[in-house]
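Colleague: Here are the chains, one letter per residue:
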Amino acid sequence: MIKPLQNHNKKLKDKTAIVGIGETGYVRRSNRSVRELVLEAVDKALDDSGIDKHEIDAIITENAVMPSSYPHNEMASDLGIASQFVCGTTGGMAGVLASVLAGAAAIDSGAANVVLSYFGTTWGSSTGGPYAYHDIYPAKRSFELPYGFYGQPVYFAPKAHRAMYEYGISEHQLASVAINQRKNAIMNGKAQVMKPLTLEDYLSSPLIAEPLRALDCCVVSDGASAFIMTSRERAMDCRKPPVYVMGAAYSSSDMPEDSVFTQLPDYLGNIAASRSTYKALAMADITLDEIDFAEVYDSFTITLLSELASLGFVDKADIGAFVEEGNTLINGRLPVNTHGGMLSHGHALGINHLVEAVRQLRSEAGEAQVKNAEIGMIAGALLGHTTIILRKS
Amino acid sequence: MDRKYIENILPDIDDELFAPFWDGTRQGELKFPYCTSCKRFHWYPRYRCPFCGSGTIEWVNSKGKGTIFTWTVVHRPFLEAYENWVPYTVALIEFDDIPGVRFVSNIVDAGTECVSIGQTVSAVYYQINDKTFLPMFKPEVGK
Numbered sequence: 000m001i002k003p004l005q006n007h008n009k010k011l012k013d014k015t016a017i018v019g020i021g022e023t024g025y026v027r028r029s030n031r032s033v034r035e036l037v038l039e040a041v042d043k044a045l046d047d048s049g050i051d052k053h054e055i056d057a058i059i060t061e062n063a064v065m066p067s068s069y070p071h072n073e074m075a076s077d078l079g080i081a082s083q084f085v086c087g088t089t090g091g092m093a094g095v096l097a098s099v100l101a102g103a104a105a106i107d108s109g110a111a112n113v114v115l116s117y118f119g120t121t122w123g124s125s126t127g128g129p130y131a132y133h134d135i136y137p138a139k140r141s142f143e144l145p146y147g148f149y150g151q152p153v154y155f156a157p158k159a160h161r162a163m164y165e166y167g168i169s170e171h172q173l174a175s176v177a178i179n180q181r182k183n184a185i186m187n188g189k190a191q192v193m194k195p196l197t198l199e200d201y202l203s204s205p206l207i208a209e210p211l212r213a214l215d216c217c218v219v220s221d222g223a224s225a226f227i228m229t230s231r232e233r234a235m236d237c238r239k240p241p242v243y244v245m246g247a248a249y250s251s252s253d254m255p256e257d258s259v260f261t262q263l264p265d266y267l268g269n270i271a272a273s274r275s276t277y278k279a280l281a282m283a284d285i286t287l288d289e290i291d292f293a294e295v296y297d298s299f300t301i302t303l304l305s306e307l308a309s310l311g312f313v314d315k316a317d318i319g320a321f322v323e324e325g326n327t328l329i330n331g332r333l334p335v336n337t338h339g340g341m342l343s344h345g346h347a348l349g350i351n352h353l354v355e356a357v358r359q360l361r362s363e364a365g366e367a368q369v370k371n372a373e374i375g376m377i378a379g380a381l382l383g384h385t386t387i388i389l390r391k392s
Numbered sequence: 000m001d002r003k004y005i006e007n008i009l010p011d012i013d014d015e016l017f018a019p020f021w022d023g024t025r026q027g028e029l030k031f032p033y034c035t036s037c038k039r040f041h042w043y044p045r046y047r048c049p050f051c052g053s054g055t056i057e058w059v060n061s062k063g064k065g066t067i068f069t070w071t072v073v074h075r076p077f078l079e080a081y082e083n084w085v086p087y088t089v090a091l092i093e094f095d096d097i098p099g100v101r102f103v104s105n106i107v108d109a110g111t112e113c114v115s116i117g118q119t120v121s122a123v124y125y126q127i128n129d130k131t132f133l134p135m136f137k138p139e140v141g142k
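Going down the list, the protein sequences come from chains W and X.
Under numbering that gives the first Met the number 0, the letters of the first sequence match residues 0 to 392, in that order.
Under numbering that gives the first Met the number 0, the letters of the second sequence match residues 0 to 142, in that order.
Honestly, the hints are just simulated from the structure, not real lab data.
None of these values were measured; they are calculated from a predicted model.
Treat each hint with caution, since some may be false.
[To be verified] Below, a list of computed lysine to aspartate or glutamate pairs in the EDC-like style, where the Cα atoms sit at most 20 Å apart:
1. Lys14/W x Asp284/W
2. Lys130/X x Asp14/X
3. Lys38/X x Asp253/W
4. Lys38/X x Asp265/W
5. Lys239/W x Asp51/W
6. Lys137/X x Asp96/X
[Stated by the list, open to error] Counterexamples of contact, computed for chain X against chain W with all Cβ distances above 12 Å:
7. Asp1
8. Gln26
9. Gly27
10. Thr55
11. Asp95
12. Val140
Positions of the beta carbon are idealized from the N, C-alpha and C atoms, including for glycine.
Construct all of the structure, not just a fragment, from the sequences and the given hints.
Modeller: If you want it as structure tokens, here you go:
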């Protein structure tokens with residue numbers, strides 16, 4: 000069910016571009032603070048763009064993690080700039096990606112000229128990691144904590160069992176998601192984990208929450224990435240070729256945030272993913288077959304499979320086989336997570352997925368370069384969902 | 000079931016939105032919020048129905064007979080509180096008389112061979128302290 004759309008945002012198509020990217024590299028333990036990591040990524044993104052930092056007049060990040068660990072105005076002070084527009088988008092990877100939509104709208108409206116966005120984390124080295132993120136919901140505290148329904152693997156494990164039951168996904172097919180993304184990570188050479196992964200390794204990795212094993216779960220990381228956006232016109236004389244924002248759309252879910260892991264009427268589907276993808280494609284005025292590669296939310300192996308189905312790339316009955324047959328490898332039919340994704344490259348709520356897409360569209364991905372990559376999709380969830388479509392200049 | 004509960008994982012039974020649920024469990028009743036405007040159940044409790052936005056919500060009793068919609072056995076404790084629990088079974092339970100709701104709970108008094116999608120279960124109530132009774136579910140043998 001896709002709700003009718005009032006506004007396809009066609010007006011924003013190709014009006015803005017990502018012109019700078021920067022990344023620290025992702026590791027389990029960095030012995031560095033979030034702010035040091037983010038500043039390094041921001042400096043690299045500025046250098047990559049060739050834009051003077053004083054041209055930055057807007058700071059936009061996701062709204063759940065960064066505003067407390069690196070507030071927008073602290074960033075402005077640390078850079079010695081005056082921002083005239085700040086904005087926090089929603090949480091999770093949907094929020095990181097929604098910064099692109101907010102940035103495009105801010106630039107197109109004239110509210111901003113050059114937008115800086117960043118995300119950094121030390122979840123890799125801090126106790127509790129990303130789990131405590133969900134403690135803010137009273138209903139989850141009262142109705143889930145007493146039963147030990149806590150921690151993202153415990154939310155996604157029942158989804159995996161249900162998907163095995165409804166779609167016939169096998170244990171080997173779940174394994175193939177981790178194995179194939181590791182192959183991409185190794186080709187790419189920038190990932191946190193680049194040890195070759197076999198089916199035997201997978202099957203001997205410890206059970207976390209059945210049926211999910213340690214190797215079904217994304218890594219936890221220390222690291223940061225940043226990117227810089229500006230108008231199509233200003234993008235013309237940046238250091239690197241611009242990567243245009245062709246489509247960008249967000250959709251909330253049909254359930255409140257505290258209920259989204261358990262109560263969605265279509266438990267395995269993601270209505271927000273289908274809706275934001277439909278809208279982003281409409282804005283870009285293209286169809287799914289024109290997407291050359293995709294960087295997709297993959298907190299767990301099962302997450303990637305259900306995303307690929309909700310985005311519309313594969314029928315849900317075929318998703319396990321689709322990955323197992325190698326279609327998502329760099330030389331496959333639809334290369335997915337060409338850097339290794341959250342499962343191998345790093346967990347930074349998918350800002351690393353966006354940065355990788357830009358590298359692909361500038362033909363800077365080295366051995367992992369997708370041949371003839373002209374249009375890429377970046378898609379990510381948590382409580383809502385954002386879909387971004389970028390194209391090379 | 001001899002499981003230790005520490006204070007910080009117990010429900011807030013005085014929360015005004017949740018109190019009717021916990022009051023019910025003390026009487027051995029399982030009740031869920033029902034929107035009288037759009038005639039749908041929802042979960043968790045809210046001030047407004049998540050489907051139609053109406054505030055006309057009443058609580059309706061379930062017979063407490065359900066089926067396992069999906070499940071997991073947790074092996075890695077993500078909080079210190081669960082360290083002496085693992086491995087433990089968490090399931091999402093659906094009820095014939097409360098369509099649209101999935102209740103997160105534990106499956107107790109059963110080996111994991113009894114835990115599968117579609118297994119029928121019935122509610123049992125575990126007293127944790129003076130006022131807190133947690134509904135749990137046990138498989139119905141032979142069904």
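Colleague: Now tell me if each hint is right for this structure.
Modeller: Do the hints match the structure? See the list:
| no. | hint | in the structure |
| --- | --- | --- |
| 1 | Lys14/W x Asp284/W | holds (14 Å) |
| 2 | Lys130/X x Asp14/X | holds (13 Å) |
| 3 | Lys38/X x Asp253/W | holds (17 Å) |
| 4 | Lys38/X x Asp265/W | holds (19 Å) |
| 5 | Lys239/W x Asp51/W | holds (14 Å) |
| 6 | Lys137/X x Asp96/X | holds (18 Å) |
| 7 | Asp1 | holds (15 Å) |
| 8 | Gln26 | holds (18 Å) |
| 9 | Gly27 | holds (17 Å) |
| 10 | Thr55 | holds (18 Å) |
| 11 | Asp95 | holds (17 Å) |
| 12 | Val140 | holds (22 Å) |
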